[in-house]
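Chains as they are written, first to last, in the working numbering: chain S, 72 to 299; chain W, 72 to 299; chain H, -8 to 342; chain Z, -8 to 342; chain E, 3 to 222.
I should point out that these hints are in silico values taken from the structure, not numbers from a laboratory.
All C-beta atoms, glycine included, are put in the ideal place defined by N, C-alpha and C.
Hints may be right or wrong, so weigh each one.
Claimed, not checked - Derived list of chain S stretches under chain W, where covered just means 3 residues or more per stretch with a C-beta under 8 Å from a C-beta of chain W:
1) 86 to 95
2) 118 to 125
3) 145 to 151
4) 182 to 192
As the list claims (entries may be wrong) - Some but not every residue of chain E turned toward chain S, in silico, with C-beta under 7 Å:
5) 18
6) 138
7) 140
8) 144
Said to hold, decoys possible - Once the Cα atoms are required to be at most 25 Å apart in a straight line, the calculated DMTMM-like pairs of lysine to aspartate or glutamate come out as:
9) 148(H) x 187(Z)
10) 148(Z) x 72(Z)
11) 319(H) x 230(Z)
12) 89(S) x 79(S)
13) 148(H) x 92(Z)
14) 39(H) x 93(H)
15) 89(S) x 270(S)
16) 319(Z) x 269(H)
17) 148(Z) x 205(H)
18) 148(H) x 227(Z)
19) 39(H) x 154(W)
20) 319(Z) x 228(H)
21) 148(Z) x 172(H)
22) 148(Z) x 253(Z)
23) 319(Z) x 253(Z)
24) 63(H) x 192(W)
25) 63(H) x 112(H)
26) 63(Z) x 51(Z)
27) 148(Z) x 95(Z)
28) 89(W) x 62(E)
29) 39(H) x 268(W)
30) 63(H) x 154(W)
31) 39(H) x 112(Z)
32) 148(Z) x 228(H)
33) 319(Z) x 269(Z)
34) 63(Z) x 196(S)
35) 89(W) x 94(E)
36) 39(Z) x 93(H)
37) 319(H) x -6(Z)
38) 319(Z) x 227(H)
39) 39(Z) x -6(Z)
40) 39(Z) x 270(S)
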Amino acid sequence: MSELFGPEGWSAIFLSLKVSLWATVVSVPLGIAMALLLARGRFPGRGLLNGLVHLPLVLPPVVTGYLLLVLFGRRGALGGWLEETFGIVLAFRWTGAALAAGIMGFPLVVRAIRLAIDAVDPGLEEAAATLGASRIRIFFTVTLPLILPGVLAGAVLGFAKAMGEFGATITFVSSIPGETRTIPSAIYGLLQVPGREPEVVRLVIASAVLALGALGLSEWLARRVRVR
Amino acid sequence: MSELFGPEGWSAIFLSLKVSLWATVVSVPLGIAMALLLARGRFPGRGLLNGLVHLPLVLPPVVTGYLLLVLFGRRGALGGWLEETFGIVLAFRWTGAALAAGIMGFPLVVRAIRLAIDAVDPGLEEAAATLGASRIRIFFTVTLPLILPGVLAGAVLGFAKAMGEFGATITFVSSIPGETRTIPSAIYGLLQVPGREPEVVRLVIASAVLALGALGLSEWLARRVRVR
Amino acid sequence: MIEIDFTRTLGDFTLSPTFTAPAGVTALFGPSGAGKTSVARAVAGLLKPDTGRITVGGRELFGPSINLPARKRRVGYVFQDARLFPHMAVLANLRYGGTRDEADVIEMLGLRPLLDRYPADLSGGERQRVALGRALMSGAELLILDEPLSALDAPRKAEILPWLERLRDVARVPILYISHDVSEVARLATTMVLMENGRVTRAGPTMEVLGDPDAVPLVGVRDAGALLFATVLAYDEADGLTTLTIDAGQLILPGRLGAPGDRVRLRVPAQDVILALERPQGLSALNILPVTITALTTGRGPGVAVGLAAGRDRLLARVTRRSADAMKLTQGQELFAVLKATAIATYDIGT
Amino acid sequence: MIEIDFTRTLGDFTLSPTFTAPAGVTALFGPSGAGKTSVARAVAGLLKPDTGRITVGGRELFGPSINLPARKRRVGYVFQDARLFPHMAVLANLRYGGTRDEADVIEMLGLRPLLDRYPADLSGGERQRVALGRALMSGAELLILDEPLSALDAPRKAEILPWLERLRDVARVPILYISHDVSEVARLATTMVLMENGRVTRAGPTMEVLGDPDAVPLVGVRDAGALLFATVLAYDEADGLTTLTIDAGQLILPGRLGAPGDRVRLRVPAQDVILALERPQGLSALNILPVTITALTTGRGPGVAVGLAAGRDRLLARVTRRSADAMKLTQGQELFAVLKATAIATYDIGT
Amino acid sequence: EPLTIFAAASLAGPLDEVAAERDDVAIAYAGSGAIARQIDQGAPADVVLLANTDWMDWLDGRGLVTEPRLLFSNRIVLVAPAGAGTVELTDEGLDVALGDGRLAIGLVESVPAGIYGKAALEGLGLWDEVSTRLAEAENVRAALALVARGEAPLGLVYATDAAAEPGVSVVADLPEDSHPQILYVGALIAGNDAPGAAEFLDAVASHPAFPDAGFLPVDE
Ligand SMILES: Nc1ncnc2c1ncn2[C@@H]1O[C@H](COP(=O)(O)OP(=O)(O)OP(=O)(O)O)[C@@H](O)[C@H]1O
Ligand SMILES: Nc1ncnc2c1ncn2[C@@H]1O[C@H](COP(=O)(O)OP(=O)(O)OP(=O)(O)O)[C@@H](O)[C@H]1O
Ligand code: MOO
Ligand SMILES: [Mg+2]
Ligand SMILES: [Mg+2]
C-alpha cells in the first residue's frame, strides 16, 4: 500500500487533505456570512465587495498567488502584522496553502450559498419573527437549515477546488515537501520530467477518489437534510 | 487608447473575450441539460457522471490540459475523428481554448443551475402539467424562468472562470499570439520577463474590469428576472 | 361518469376510496385529513395509486396497464393552494392552459383590474379566483376544484356558483368538488361522496345522502337538510317572488329562479323546517306543506331528526326532543311543515 | 384596546384603515382584496405603514417615532397560508414560539397523531390546525387569525371556537380575527370592522353592526342577523334544553349553554326569524317573543329587513315583500317573532 | 502564415527582441515539458527552443525534430535581496545567510533551473545543509520573485534572470564545474519545412540580445 504512492506521494495526499479540509472549514462560515451580506445587505460598496469576492476566479491563479505573497508574505502588509500580533505565519507554511486554496474557492462557496439564500421563502422568516425569534435565532433555526443544501454544495465545491488548486498555492507558498507540496504541486513537478507519467496517473486517481468521495458524501447529506 | 495595452495586449483581451463568451454560450445550455439530468434523472451511473462533471475542479488544471491534449490533440482519439468527420480542429486553436475554458468552468455552471432546479416548487410544474403542458413546454415556460437566476449565476461563474483560466488552456493549446494567447497566458509570458510588471498590472485590471462588468450585468439581469 | 377504486399508502395513512358517480358534480366531503385532496391528486395523475382503476367518462386514466400522464388527462385542477406561476402576470397565468371563455371568466371572477399584477401582489382570495379562472379557461374535460371558494366572501361566492352550475349543466363538464360547506355542495353536487380516514363511508345522489336522517352525524348536525326538485310555475315581477310546484304542493321563494317550466333544486336545511300540528295562520312564512313523518332519529344531543314525505319528495326537519314529545311525534303522523321562504334563499338554489 | 390609523400604498392600492376597538375579539370583515390581511401585517410589524399610528393595549407598536420590530410585538399570527417550517416536524413547529398550554392545544386541535409528521405530509386542514396551534402556544399578547378556520370542517370548527372564546374571556388575549364567515364572527367578535377597498366602512360593537338593517347589504343578505345577550336560568337534564331569559321573555335552546346565572350571547340570523300576527299554537318552534317593529328597510331584492325591539333587545328579521304587504307590517306594529330553537344551535352561541 | 516558435519561458526577454525585428513571427512561451508534449501532439510549431536537453532528446527520439542544435549556455548564481553582501559557499555561510528563511529555487526535480541548482548544491557539498530549507517554485521567475520580495533571503537562479531583476543582487557565483552545463537547444520541426525557420534559428543563435542578457556561448 505505502508503495503505491511512495512516501512523497503519501505526504502530498495527506497534506492536500489537511489543506483542503481547513480551507473548507474556514471558508464555509465566512462564505455564509459573506453570502448573507451580499444577498440581504443594502450598503454602498456592495457591488465592489461582490466583485472582490469573485476576483480570484477571474484572475490567473498566479496573479492571485502573487497578490497573496505581497499581502500575506512575511514582508507583506498583513503578513507582518499577523506574525507580530498573533504569531501566525502563512508564508511557506501549510496554513498559507490553505489560505490560497480557500481564497481560490471562496467565490464558489459564496455563490452556492447565496443562491440558496435567495431561494428562502421570506414568509417563513416573517413567521419566526412573529413568534418572537431574534434575528440570530431565526438565522440558526430557520434560514440556516433551509439553505443547508446550498451550504453543502458550496462546501463540496470549495473542497474540490482546494484539492485541485495549484497556481496560486505554488506562487504564494512554493512547493515544500511535507509542508506545502500538495497533490497538484507534486503532479506538476512530475509532469515536467519525461517518463514519470505512471506516478502522475496514480496521484490523479488518488485526488479524484478523495474529491469524488467528498462529493458523494455531500450528495448523501444533502438528500438527508433536504427540506421535505 | 491603443497604446494602453499595445497590439499584443489588445489581441489578448479580444481573444479572452471571444474565448470566454463562446465557452459561456456553449456551456450554459449544456449545463442546464446536465443539471436537469443530475437533479431529476434516476439512472445507474448518475453518481459517476456527477463526479466526471466535477473532475476539472478537482484535478490540477495542467492535468486537465494534458487530458484534453491527449483526447483532442490532432493525434488524439477524438481530435482526429473530429477533424476528419466535421473538419473541426481544436488543438492549438482558439476553439480549443474555449473548450478548455468551458470544461474548467462546467462544474461551476452545472452546480449553480442544479441548486436552482432543486429549489423549484414541484407543485408549479404539476399545475402546468394539469393544464396540459408537455414536458418541453413546462420546461421552457415554468422551470426555466424560475431557475433563471441560477442560470445567470452559472453563466457569470463560467465566464469569470473562463477569463481567468490558464493552466489547462496553455497546456492544451499553448499560448500562440492571436490564436490562443488569452489574457492569463499573456500575463504568464510577461511575468517571465523582468520589468514588464506595468503591462501585467494593466492586463490584470482589464481582465478584472471585464469580468466584473459581466458580474454587474448578471446581477442587474437577475434582479430584473427575479421571481416576484 | 367517474369510477374510482384504488389503494395507495401514504406513510401510515391508507387511501382506498371506492365509488362510482354519474355525470355532473361529485362532491367529496369529509373531515380534514380524510383523503379528499389525495383522491383528487390521483384522478389528476399527480399521485400514482399502488393498484386499482380510475375511469372518467369512459376514459381509463389509470389501470393495471395504463397510467396516463397528468398532461394528457385533460383535467383542470384548482389546487387548495393556488399554485399560480409567480413569474407570470395574472393574464399570462390565466391563459396558460387555454383561453376558453376568456372574457366571460375574467368578468365573472372580477379579474379585470388584476390582469397586469403578479401573484405576489394579490390577496389570498384574489389568488384563488385567478387559479379558478385558469382552470376554467383550460377547456378541461374534468374539473377538480379543491375548496375553490373557501377564501371568498359570500357575495363573491354567489357570483361564482351559477357559473359552475352552467358548466355542469350546459357545458356538461364533470366536476369533482371538494368543500367543507354543505350549502355549496347541496347546491352543486349531483353525487355526494362522504370520506373518512381514507375510505368512502357513504356515496349516492346528494338528495338521498342529505335527506337521510342517518347521515346527519356524518354531514354535521347544522349542515343536514334535504334537497327538493321543483318546477318553476311563475315569477311575479311586482314582489320578486317565484312560485314553484313540488309534488306536495306549491312553494313561493324570493328571486327570479327561472322561466316557467324550468326544473330547479332547493336545499331545505333541516333546522329551518318548523313542524305544526295544524295549518298555521298569519305567519310571515309563505310555505306550508302537508307532510307525513317517515322516520324519527334521536341522536346523542337534544335534537331529533325527523324524516318527512311531502308527496314523493322527502324533507328533513330537526326539532328539539322536548318539542317532539310535546307534539307527540310518531312515525306515520300527518302534520304541516313550515318553510321560511328567505331561509331557502337564492344562495341555496341551483338550476 | 386596538387603535389603528395609518396609510400605506401598495402599488395602486391605498390602504388607510382607521378604527378603535376595545379589548376582546375584533373581526375584520370584507370582500376579497379589501385589505384585511394587509392591516393584519401592519399590526404584526410585517408591513410598514407610510405614516400613522398603531397601538395595542396601550403599547404603541408603530408611530411617528417608533417602529417596534415584529419579534418584539408579541403577536401570534396565524397566516392565511400556514407558513409551517418545512424542515421541522409538527411538534417542533408547535413549540417554536413557546409551549403555553401545550397539552391542551394539541388535544383541542387533534394534533396528537400528527406530531412526528413533517408539514409536506399534512393535508390542507391539518396544516392550518398546526399553524393555529403554533400561534396559540406562543403566549402572545395579541392574536391575529387570518381565516384560521376556512379549511376546516364544521365539527372541527365547533371544537376550536370555544377555545378561542376562552382565550378571549379567560386569558383576555385580544384577537384580531379575519373571516368570511359571519356566524364565526358573530360568535366571537366583540367589535366588527367592515372594510372595503382599503378603508373602514363601518366599525362598532358586533351587536349593533349585525343588528343594523342598514348594514345588511354590507354584511351580505344571508349573513345578517342580530346578537342577543341572555342569562342562563336552568338546564333540563332530561331533554337537554337550556332555558334563558332575555329582556323580552324566555328562550329555550338545545344543549347545556352554561350554569345558571351565566351570560351568553346568541346570534339570531334574520332569515330564521318568522313573524306572526298572533301567537301561534302547536308549533315545533319553542320560542315565541312579543316584539315591536322599529324599522322596515326595503332593499333591491324581494326581501324586507325588519328591525324589531324585544324589550331592550333588538332583533332582525328578513321576510319577503309579499309577506310584509300581506301582513301589513308597519313601524310601531306589535306582533310575535318565532325563533326556531335548532336554528340558534350551539354553533352560534358564545359565552 | 507567420512563423510559429514554441519557446521555453526563460528565453522570453531576448527572444522577443529577435521577434520584434520581424513582422511574421509568433512566439508561444511555456515550460519545456509542456512544449515537448504539445509538439508530440502536433502543435503547429516551426521552431522549438527548450531550456532542457532531456526534453529535446525525448522529441528527437520520436523523430519529431530535425537538426537540434545547442544555442547558449547559462550560469546559476546565488542571489539575495538587493544590497545584500556576498555569501560564502559553505554550510556556515549559507546557514547564516538563510537564518530561519528559505532558499528559493525552481522545482529541483523538474524545472530546469531547479535541476541545475540542485546539482550545483550537491557538487558543492551543500545539499544536505539546505535540502530541507528550500522553497521550490513553479519556475525560475517565481523563485526570483520570492527573493526580490524579500520573502526568501537567498535564491538560486539563472545569471540572466539575476541580471535583469533590480530587486536582487548576486551574492555568489557558482563554479562552472559544480553542475552540468546549462544548455538551451533549438530545433526545427520534422517534416515541416517552413520557409524562414532555419534562418530564424540562425538569427537566434547569432543575435546580440542574448549575450546582452547574459546568455553565454556554448563551449563546444
Ligand atoms: N404590491 C402591490 N401592488 C398592488 N396591489 C397590491 C400590492 N400588494 C397588495 N395589493 C392589493 O392590496 C389589496 C389588499 O390585499 P389584502 O391581502 O390585504 O386583501 P384581503 O382583504 O386580505 O383579501 P382576501 O380576503 O382575499 O385575503 C389587494 O387588492 C391586493 O391586490
Ligand atoms: N407522506 C405521508 N405520510 C403520512 N401521512 C400522509 C402523507 N401524505 C399525506 N398523508 C396524510 O393523508 C391524509 C389525507 O390527506 P389529504 O390531503 O388527502 O386530506 P384532505 O381530506 O384533503 O384534508 P383537508 O380537508 O385538511 O385538506 C392526511 O391525514 C395526511 O396527513
Ligand atoms: O525554461 Mo523554464 O522557465 O526554467 O521551464
Ligand atoms: Mg385537502
Ligand atoms: Mg387576506
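Of the numbered hints stated previously, which ones are contradicted by the structure, given in increasing order? Of the numbered hints given earlier, those the structure breaks are 1, 3, 5, 13, 14, 18, 19, 23, 25, 28, 29, 30, 32, 35, 36, 37 and 40, listed in rising order.
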